[in-house]
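Residue numbers (this note's numbering), protein chains in the order written: chain A, 1 to 197; chain B, 1 to 197; chain C, 1 to 197; chain D, 1 to 197; chain E, 1 to 197; chain F, 1 to 197.
For the record, the hints were derived by calculation from the structure and aren't laboratory data.
On a predicted model such as this, the values are computed, not experimentally measured, just so you know.
Don't take each hint at face value.
Which copy is meant is left open, because identical chains are indistinguishable; a pair holds if it fits in one copy or across any two.
[As the list claims (entries may be wrong)] Capping the alpha-carbon separation at 27 Å, the derived lysine-lysine pairs in DSSO-like fashion look like this:
| # | residue 1 | residue 2 |
| --- | --- | --- |
| 1 | K63 | K4 |
| 2 | K159 | K8 |
| 3 | K8 | K163 |
| 4 | K5 | K63 |
| 5 | K67 | K8 |
Number of protein chains: 6
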Amino acid sequence: FDSKKNEKPDIGVVTGLAWTAYGGVILDVEVATITGKGRLITTGQLGDVMKESAKIALSLSRKIVEKMDKKYCEEFDKNDFHIHLPEGAVPKDGPSAGVTLTTAIISSILKKKVRNDIAMTGEITLRGKVLPVGGIKEKVLSAYRSGIYEVIIPQSNEKDVEKIPEEIRRKIKFNFAKEILEVLEIALIGGVENENK
Amino acid sequence: FDSKKNEKPDIGVVTGLAWTAYGGVILDVEVATITGKGRLITTGQLGDVMKESAKIALSLSRKIVEKMDKKYCEEFDKNDFHIHLPEGAVPKDGPSAGVTLTTAIISSILKKKVRNDIAMTGEITLRGKVLPVGGIKEKVLSAYRSGIYEVIIPQSNEKDVEKIPEEIRRKIKFNFAKEILEVLEIALIGGVENENK
Amino acid sequence: FDSKKNEKPDIGVVTGLAWTAYGGVILDVEVATITGKGRLITTGQLGDVMKESAKIALSLSRKIVEKMDKKYCEEFDKNDFHIHLPEGAVPKDGPSAGVTLTTAIISSILKKKVRNDIAMTGEITLRGKVLPVGGIKEKVLSAYRSGIYEVIIPQSNEKDVEKIPEEIRRKIKFNFAKEILEVLEIALIGGVENENK
Amino acid sequence: FDSKKNEKPDIGVVTGLAWTAYGGVILDVEVATITGKGRLITTGQLGDVMKESAKIALSLSRKIVEKMDKKYCEEFDKNDFHIHLPEGAVPKDGPSAGVTLTTAIISSILKKKVRNDIAMTGEITLRGKVLPVGGIKEKVLSAYRSGIYEVIIPQSNEKDVEKIPEEIRRKIKFNFAKEILEVLEIALIGGVENENK
Amino acid sequence: FDSKKNEKPDIGVVTGLAWTAYGGVILDVEVATITGKGRLITTGQLGDVMKESAKIALSLSRKIVEKMDKKYCEEFDKNDFHIHLPEGAVPKDGPSAGVTLTTAIISSILKKKVRNDIAMTGEITLRGKVLPVGGIKEKVLSAYRSGIYEVIIPQSNEKDVEKIPEEIRRKIKFNFAKEILEVLEIALIGGVENENK
Amino acid sequence: FDSKKNEKPDIGVVTGLAWTAYGGVILDVEVATITGKGRLITTGQLGDVMKESAKIALSLSRKIVEKMDKKYCEEFDKNDFHIHLPEGAVPKDGPSAGVTLTTAIISSILKKKVRNDIAMTGEITLRGKVLPVGGIKEKVLSAYRSGIYEVIIPQSNEKDVEKIPEEIRRKIKFNFAKEILEVLEIALIGGVENENK
Ligand SMILES: [Ca+2]
Ligand SMILES: [Ca+2]
Ligand SMILES: [Ca+2]
Ligand SMILES: [Ca+2]
Ligand SMILES: [Ca+2]
Ligand SMILES: [Ca+2]
Ligand SMILES: [Ca+2]
Ligand SMILES: [Ca+2]
Ligand SMILES: [Ca+2]
Ligand SMILES: [Ca+2]
Ligand SMILES: [Ca+2]
Ligand SMILES: [Ca+2]
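I would like the entire structure built from these sequences, with the hints used as guidance.
Put into structure tokens, the structure is as follows:
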């Protein structure tokens with residue numbers, strides 16, 4: 001995997017944190033909205049658990065933005081959502097990209113850029129709760145190695161932060177999230193608070 | 001699995017009771033209705049028996065609410081029903097979430113909150129009969145451990161309650177159900193009796 | 001399997017007779033018609049032969065009721081037919097539920113109740129012929145044990161009745177059918193003769 | 001398999017000849033046209049070669065009747081074609097039911113009855129050529145045992161007739177066909193010649 | 001396989017040359033256009049490579065005839081294309097029927113007969129290039145045995161012709177093709193040159 | 001595989017570079033746009049990773065050309081995109097045809113020819129980044145052997161160029177790309193700069 005931080009903030013591109021047998025890695029999620037009819041297209045050799053995460057992320061994103069403004073309803077009717085996780089040949093699976101996928105989709109609908117100096121991990125549920133995931137230590141170390149010094153991790157993983165060597169830990173800004181709205185407020189440039197009318 | 005009781009009553013969220021090789025667990029069912037065309041989307045690594053339970057729950061819910069008021073007919077034409085069972089990576093199967101799934105769907109259509117201080121288990125049939133299930137003792141103990149002191153179980157499982165240690169049994173309120181309408185009357189805040197016109 | 005006779009006659013619910021390695025059992029077929037577009041939904045872990053029986057039952061039912069009255073044509077265009085065989089986790093297969101499935105579908109379209117004091121078995125063909133099936137002795141004994149004293153079986157199985165112990169046999173009323181219309185005339189309350197115009 | 005000749009001529013029902021490890025059998029093909037949109041439904045545990053035969057039979061039937069009269073074009077647009085081969089649980093495969101399937105479909109469209117005192121076998125091609133098949137001797141013997149004394153077999157199988165014992169052979173009327181139109185002229189009551197305008 | 005040359009030229013029927021473990025064979029391709037909506041139906045137990053060849057042949061045919069005359073565009077919208085390769089039970093695979101499939105489809109659209117005294121083989125690409133194939137010697141010998149004395153083979157296979165025994169080779173007329181248009185000009189009665197406006 | 005350079009520049013045809021166990025090969029990508037409804041058809045025995053590359057290429061191409069001119073939006077609604085990789089029977093897989101596929105699709109939409117004297121390789125992401133691939137040395141040698149003296153490879157593969165023997169390396173013109181737009185500017189005759197309005 002490419003271990004370089006993205007050069008600049010972009011719409012529909014979010015830096016996730018993944019965990020492999022060889023340690024943590026940063027992993028981009030890319031979302032493209034293309035004219036269509038509400039379908040979900042996934043590429044990047046996603047396993048069945050991750051494909052289900054993408055479905056959850058799409059339904060949840062829909063709930064969230066439609067609550068912000070009714071005008072977004074039709075975005076879902078007239079677009080397809082293509083989610084790609086480079087590198088395309090490496091199989092990827094597990095539920096921990098849930099918050100990353102949701103953030104990428106919402107960024108692409110609201111047309112708000114995502115900070116490229118932050119990385120995130122966390123399982124998501126259909127009503128937006130952020131569930132704990134494994135490999136927090138390895139994931140944070142990989143962010144650090146890639147030059148990313150701020151992360152968003154699940155509230156329930158707070159205890160895992162202590163396992164990170166102190167000299168690195170104190171250079172990282174940790175955000176603990178219980179709900180997806182907290183994630184969006186931090187990661188999207190401009191936040192989402194003004195969107196709630 | 002997360003063994004904490006939900007913090008507050010919510011629409012489309014029901015606490016189920018499941019049974020694993022390691023004992024009973026509480027298991028949330030989440031339902032989101034999203035603009036669509038009557039499709040059923042299931043996530044959470046459901047096995048084929050549980051996927052069929054979700055289909056039965058959807059058809060049964062449709063029958064029930066359309067009998068309450070014709071206005072609900074169109075709800076099914078213009079919405080998709082997304083059912084998710086966290087945690088997303090843990091495989092789940094069996095018929096015993098039938099009443100839980102049905103209650104969650106009906107809550108989301110009627111926009112009535114479900115009590116968060118009650119848990120339930122039971123197979124459902126297409127005409128709303130509640131059939132007996134296994135693991136009653138283990139399931140009730142898991143509710144107790146999670147701080148939930150009221151349960152709904154199938155009438156035909158009444159005999160299984162005696163296997164629960166008396167000091168716990170007397171702290172639990174047991175509701176025995178033969179029909180899904182009895183379940184809804186207890187679990188939905190405000191009940192469903194007024195809905196029948 | 002639940003071995004109790006249904007409490008009262010109902011629309012879309014028919015008592016079938018099945019045959020397992022452990023002997024005969026009674027087995028309900030439930031049909032729900034829900035607003036849709038003529039699709040067939042089957043649940044209850046049906047094997048591929050039984051799923052095909054359901055397809056045959058649907059096509060045959062269509063032919064029969066459309067011959068009774070042209071008004072039924074549109075019923076098939078605007079409804080889906082959901083067939084469920086409790087208990088949902090027990091795999092079921094074979095062709096011998098053909099007459100039961102057909103009777104349940106036709107009951108649900110004509111809105112005529114099915115007698116709950118009668119049980120039936122028989123393969124069906126697309127033009128309504130009733131073909132012989134196995135396990136007649138075991139099936140009839142299971143009806144008797146469940147308190148059901150009248151059965152419908154294929155004409156070609158008449159010879160198998162002699163294998164049933166005489167003290168039980170003389171307490172049972174046997175109906176032998178060659179065609180599905182004979183089955184409907186007996187099982188549907190009010191019969192179907194008046195329907196033929 | 002049921003080895004009895006059908007009681008009377010019917011629309012959409014044709015007696016085929018099949019060949020199993022236990023010898024020849026007669027095998028009904030049933031076709032029901034139901035309101036729909038040109039789809040093909042097959043039941044009776046057909047293998048993939050026989051399912052393809054049914055597709056060929058449907059396309060060929062379409063070509064033939066549309067050539068007879070343009071009015072038949074819309075029959076294919078507004079109907080589904082359900083083909084069933086009793087007995088429903090016995091797997092069936094191979095290409096030799098091609099002529100039988102085609103004859104049954106065309107009977108059901110033209111609403112012409114098929115002779116019940118004749119049986120047939122033969123592979124069909126998309127342009128209506130009748131190709132040779134195996135087991136002619138066993139098939140003809142099974143027709144004879146079932147009380148059917150006239151058969152249609154492929155022209156290229158003429159040589160196989162000599163293997164049939166003479167005392168039976170001379171009681172059977174053999175029709176040898178090279179093209180499906182020859183089969184239809186013999187098997188459909190009233191023939192098809194007048195249909196060609 | 002039937003090794004006889006077709007009796008007369010026909011629309012949508014082309015003689016191909018195939019190669020098996022037992023030597024070369026001639027193999028008919030049959031195409032029927034039936035009222036529909038642009039779908040491709042294949043029968044004759046085609047393997048996945050040959051099914052892809054049929055898809056390529058359909059797209060290529062479309063490009064070719066639409067270039068000839070815009071009026072053909074709607075042919076593809078209102079017809080299905082059924083391709084069958086008798087004998088229906090024999091599995092067939094490989095890319096070498098590409099030119100044969102394309103020729104059969106174009107014949108059926110232009111309603112031009114195909115010469116029955118010529119046989120062909122060759123892989124096709126999406127832009128109409130003819131690629132070399134194996135088994136040229138065996139294929140040509142099978143054409144000869146079937147009474148066919150003219151063949152079309154890929155230009156790149158010209159060198160393989162020398163392997164054919166001279167006494168047979170000099171009785172055969174060889175056409176070498178680099179592009180599908182050269183094949184069509186030779187095989188379709190009347191050619192296609194006048195079609196290009 | 002055919003190792004000859006294409007004779008002339010063409011629309012929708014791009015020379016890719018692939019890597020097999022036997023060394024590098026040049027590999028054409030052919031794209032045909034046919035009247036349809038935005039579907040993607042792939043042939044040539046593509047593996048699942050390469051099929052995903054084709055999906056990414058289609059979504060990305062859509063984004064790119066719609067940004068150039070809104071008029072291209074409808075091209076995607078009224079056309080199907082058929083992508084073929086000859087030779088049809090050889091399985092192909094991997095992500096490294098991403099830039100080749102995207103270039104071929106965009107060529108076919110813009111109706112701009114692709115240079116036949118250039119070959120390319122590189123994984124593509126959904127937002128158009130060009131990712132590194134393996135086998136650069138073998139791929140460049142195969143281009144050289146086929147008479148192609150200019151290549152486009154990913155920027156991140158620049159270091160691999162040193163492994164190519166110097167006498168060949170100095171005869172090749174190398175273009176290093178980070179983004180797909182750089183690839184298009186070089187490979188499409190006339191470039192794409194004027195397209196950006
Ligand atoms: Ca899995
Ligand atoms: Ca967990
Ligand atoms: Ca299962
Ligand atoms: Ca049970
Ligand atoms: Ca039971
Ligand atoms: Ca089976
Ligand atoms: Ca039988
Ligand atoms: Ca097979
Ligand atoms: Ca043969
Ligand atoms: Ca294959
Ligand atoms: Ca080759
Ligand atoms: Ca794979």
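| task | Check K159 against K8 for me: Cα-Cα at most 27 Å, and say if that holds within a copy, between copies, both or neither. | result | Result: close only across copies, 25 Å inter versus 31 Å intra.
| request: Have a look at K63 and K4 and pick one of within, between, both or neither, based on CA distance no larger than 27 Å. | output: Between copies only: 25 Å across, 33 Å inside.
| task | Indicate which option fits the pair K67, K8 if close means a Cα-Cα distance not exceeding 27 Å: within, between, both or neither. | result | Between copies only: 20 Å across, 29 Å inside.
| field | K8 and K163: within-copy, between-copy, both or neither at 27 Å Cα | value | This pair counts as neither: shortest intra-copy Cα distance 31 Å, inter-copy 33 Å.
| Given identical chains, is K5 near K63, meaning Cα to Cα at most 27 Å, within a copy, between copies, both, or neither? | between (30 Å within a copy, 24 Å between copies)
Comparing the model with each earlier hint shows a violation of hint 3 alone; every other hint is respected.
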